[in-house]
Structure formats: C-alpha cells, structure tokens
Amino acid sequence: MTQSYYEASARERLAAVLDPSSFQEILPPSARVTSPHLRQLDTPAAFDDGIIVGEGRLDGQPVLAAAQEGGFMGGAVGEVHGAKLVGLLERALDTRPTAVLLLVESGGVRLHEANAGLIAVSEVMRAVLAVRGAGIPVIVLDGGQFGCFGGMGIVARLCDTVIISEEGRLGLSGPEVIETTCGVEEFDSRDRALVWRTVGGKHRTLLGEAGELVADATAAFRAAAIRALALTPDLSLEALEREHAALGQRIERFGDCHDAVDIWRALGIEAPERLPLLEAADFNTITAGKRA
Amino acid sequence: MDAKLLLEQLFPAGQRVDFDGQYFSGTGQTADGEVAVIGTTDAAAIGVELAFRIAGQVLEIVRSHPRRPILLLVDTQGQRLSRRDELLGINGYMAHLAKCIEVARRAGHRVIGLVYSQAVSGGFLASSMLADTCYALPEAEVRVMNLPAMSRITKIPVERLQDLSQLSPVFAPGVENYLRMGAIAELWQGDLAACLEKALAAAVGHDARRDRGLARQGRLLAGPVAERVRHGGA
Numbered sequence: 001m002t003q004s005y006y007e008a009s010a011r012e013r014l015a016a017v018l019d020p021s022s023f024q025e026i027l028p029p030s031a032r033v034t035s036p037h038l039r040q041l042d043t044p045a046a047f048d049d050g051i052i053v054g055e056g057r058l059d060g061q062p063v064l065a066a067a068q069e070g071g072f073m074g075g076a077v078g079e080v081h082g083a084k085l086v087g088l089l090e091r092a093l094d095t096r097p098t099a100v101l102l103l104v105e106s107g108g109v110r111l112h113e114a115n116a117g118l119i120a121v122s123e124v125m126r127a128v129l130a131v132r133g134a135g136i137p138v139i140v141l142d143g144g145q146f147g148c149f150g151g152m153g154i155v156a157r158l159c160d161t162v163i164i165s166e167e168g169r170l171g172l173s174g175p176e177v178i179e180t181t182c183g184v185e186e187f188d189s190r191d192r193a194l195v196w197r198t199v200g201g202k203h204r205t206l207l208g209e210a211g212e213l214v215a216d217a218t219a220a221f222r223a224a225a226i227r228a229l230a231l232t233p234d235l236s237l238e239a240l241e242r243e244h245a246a247l248g249q250r251i252e253r254f255g256d257c258h259d260a261v262d263i264w265r266a267l268g269i270e271a272p273e274r275l276p277l278l279e280a281a282d283f284n285t286i287t288a289g290k291r292a
Numbered sequence: 001m002d003a004k005l006l007l008e009q010l011f012p013a014g015q016r017v018d019f020d021g022q023y024f025s026g027t028g029q030t031a032d033g034e035v036a037v038i039g040t041t042d043a044a045a046i047g048v049e050l051a052f053r054i055a056g057q058v059l060e061i062v063r064s065h066p067r068r069p070i071l072l073l074v075d076t077q078g079q080r081l082s083r084r085d086e087l088l089g090i091n092g093y094m095a096h097l098a099k100c101i102e103v104a105r106r107a108g109h110r111v112i113g114l115v116y117s118q119a120v121s122g123g124f125l126a127s128s129m130l131a132d133t134c135y136a137l138p139e140a141e142v143r144v145m146n147l148p149a150m151s152r153i154t155k156i157p158v159e160r161l162q163d164l165s166q167l168s169p170v171f172a173p174g175v176e177n178y179l180r181m182g183a184i185a186e187l188w189q190g191d192l193a194a195c196l197e198k199a200l201a202a203a204v205g206h207d208a209r210r211d212r213g214l215a216r217q218g219r220l221l222a223g224p225v226a227e228r229v230r231h232g233g234a
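Protein sequences appear in the order of chains A and B. Note that full-length UniProt numbering has the first sequence beginning at 1, numbered continuously upward. Note that full-length UniProt numbering has the second sequence beginning at 1, numbered continuously upward.
The hints are simulated quantities; they were obtained by calculation from the structure and are not laboratory data. Treat the hints with care, as some may be off.
[To be verified] Residues from chain A that face chain B, not an exhaustive set, calculated with beta carbons under 7 Å:
1. G171
2. V184
3. E186
Each residue gets a CB set at the ideal place from its N, CA and C atoms; glycine is no exception.
Produce the complete structure using the sequences and hints provided.
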C-alpha cells in the first residue's frame, strides 16, 4: 500500500522517510516550547511550533532532520520555529552527520511575528550555507500541501538539491499573494492547472530548480533522499560562476515565454501540453536529457 | 536619503559609481582603500534580472578584486510580484545572490549592508540580511508588510495590531524594531564616512544577531531555543 507524502503529517513523513524507529526528536512537544507571540494575539499555539527537529538514520547513515507541519499555520516560520531549524543546522557543525534533511512545507514568514520570522529565515539561510561550507550536504524534500514559498523558497534553493513531487510547489510569492496584489489577470490562483504548471514540481525540475521529480509516495522520497546522500557541497567561485551562467541563459532563452508550456516546447519536448498528465516515471523518461 | 547624496557623504575622499536605471555599482575611496559599492534606488522591486545583475557584480568583485570590502546599498520594496518572475524561478535567483554573497565572505571580503531608504521582505532577505553586519539610517523603513495588509490576512483588527505594536517589536514595521531584535547592528548618524570606517574595522565573527536581540530584549527566544537544539540531547 503506497503512503501519500502529500497527505501525511510531518511526523508521519519523518517516520516513513528515515530508517524505521530511528528518529529521536529534540525539544519534543512535551518540552512545551511554544510561541509567546501567538498567545499575545489570542491565536492558538502548537507545542512544537509547527516544526519537528531531531536525529535519525537514513540507509544506516546518521542524519539530522527537520519537518515542517503545514497543518499548523501553513508551516509558517516564527521565532521559535526558525530557532529550532537554526539550532539543528548548527548542531550539524558539531556532530557532522552524513547529511541534513529538510522536509519543507511552508508559506514563508508567519505574519503574526513577521519581523522575528524574517530575521529567523535569514539566520536559517546563513546556517544552511555554513553547514554546506563544512562539507555536509543539505537535502530538501518538497511534497506537502502548502508547498514551499516565501523565505523558505529561497532557503530550499540554497541547499544541495530539492527532491520534489508534482504536488510539491516551489516559489517565492504564492499565487494568492500575486493575485491579491496585482489582480486576477496577472495570476489566477484558482486556476489549479496554471498554478501547478507554473510552480509545481514538474516545471521546477525542467528548469533545474529541483534535482529530481518523484511520485507522491513516502517511499519514493526516501529512495531519492538516499541517492542524494552521495552529494558533495560545492560553494566555490567556479560553482557559482557556472550557476550564474545557467541562470543568465534561462533569462535569455525563456524570458519572453508566457507560459510553462512555451518553456517546455523550447526545451525540445514533443507535445509538451501532455506533461501535466504524466506519472512521475513516464515524465522522467520523456524529459531525460531535455532539462535546462 | 538620495543615493547620490548618500555616496558623497560615505566617501568624501571620492567615489566612482555608475547608475543605470534603478541599479548602481562602482567604488568608493576610504582611508583604508577602495570599497566596492552595489545598490538599488527608488524602492526597486527585485525581480530575476536585478537579482541576477547584483549577483554578477558580486562574482566580478570576488574574481577581480580579492578581499575588497563590499558595501550593499539596496533600496527595495521587496521581491517583484509577477507570474513571469515565478515562472522563471525567482526564488532560485534570490538564492543565487545569497550564495554569491556567501562566496565573497568565504573568500575574505567584508560584506556590509546599509539600509538607507527601504528594506522589505524578500528583497531584504537576499541582500543586506546576508551581509556580515547590517546597519541602517534612522529614517530607513524596514518591514515585512504594513499593518492594514497584515490585519486582512491574520484577521486581527488593525487597532489591536497598532496597540500591540507599542509593546512588542515582533511584527510591526520599523527600523527600531529590527534594531531591538538584533538584525540591525547600529543606526548610522552624523559622520557617515566615520561610521563606515568603523564598520570596516570591526571584527568579523559568527552570526551575532540573536545575541544582540537577546541583549537588547527584543528577541528573547531565538538564541536560547537554538542553543537548546544545538546542544540538547535527542
């Protein structure tokens, strides 16, 4: 029986992705580390502030892992939530695990504590880069109901790879934010097909924003995460110059494209309009060698 | 403050900075040598092209001018909100800029951010907030979102938010709030050239923002919670 990653809770995802019974939580709900800012606004708090952090094993290798719970405020980052993530990343500098796994699901900064959340995201950014600078890969898994947006969308792209399902969206400003600010003619957030082909996992993979597209199954995410353990972080000037060249080419090649389908056609994919209908395996076969 | 006036005050010994639309870059002269300057004006919305351009300039400085300090003067209303920017992966461009700043830091460049006008959300995150240390002018505006928009989304009455913002720095716009919470190290006033030289001479260390937030009583949990996770038992 296949377990959907999209439908699973953050705790269920950790249990299914890591080796069975290997996960040990740090500051679990029983520690009652909650957000004082939500209380001040009479908004319900969560005993884990919407993020679970701890140690475990993946394919026998020691790893640190964090999972954001979209069911609590859309996985939004507040002061405590962000500090747990920063602390976990810095723990990696001391314990030197094989990798750090981030099971992201977040709409970005939590507005109820917006300043603390924004600062926390920038501290997470610095910490991710410090961990990678120490030679430890940081692996992102993105397949939750809220996707990965706002500052967490930037964080995800600071990491070594993003493993994504079609359902796992990745971007900066969410479609609703763009529609509210710029109007429905700019981005119709209720047009689900448009939303998914713009910020969904298939387009992210074809652009080179995500490293691997997997099916919506916890076992598929686990298998891809095991493969990603072999990655070696590279923050050299040469690596950044290569990335710079690729991003420059992306603007040149696709800057005038109106829709994701135009980009897929420009990549040489035949009948690109069928891509949203394909299962992950067929998608990967058909698009092999044609990614930007 | 106007960017050209700011540059004159920062670099009385001279500067060569080229403006192109909302983007500018160049060098300024200090007592300790040349400083590279990269910035934006007119509350620029940072879209893929602008993020790419700033990142390219950072890489050019690392490649051609080893260890030259970098001063980021980014005036931004935040990330550009558009479907096209999302289609092209704007978060990847923002992350690229952040990585380029990190590469500069690791190569021995001092990176200093100065918020001289506006700093908002994603545009702030990917630039000045990634500097070794970020400073601001007293009249600068720093925010994620204004209170009326915040009220609409959180469904909390704006009057309530206004009242609470008198007591707590945690959500309301304001450079003072970011100062109290440790993200802004100091406000620069008076002799800006002297402020810059002092900042350039300051020691570079770890990310000290949560320590400052705790010392200034503006962010009490970030430091202790991170320490508990870093050192606590699983």
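Point to revise | Indices of hints not satisfied (ascending) | key: 2
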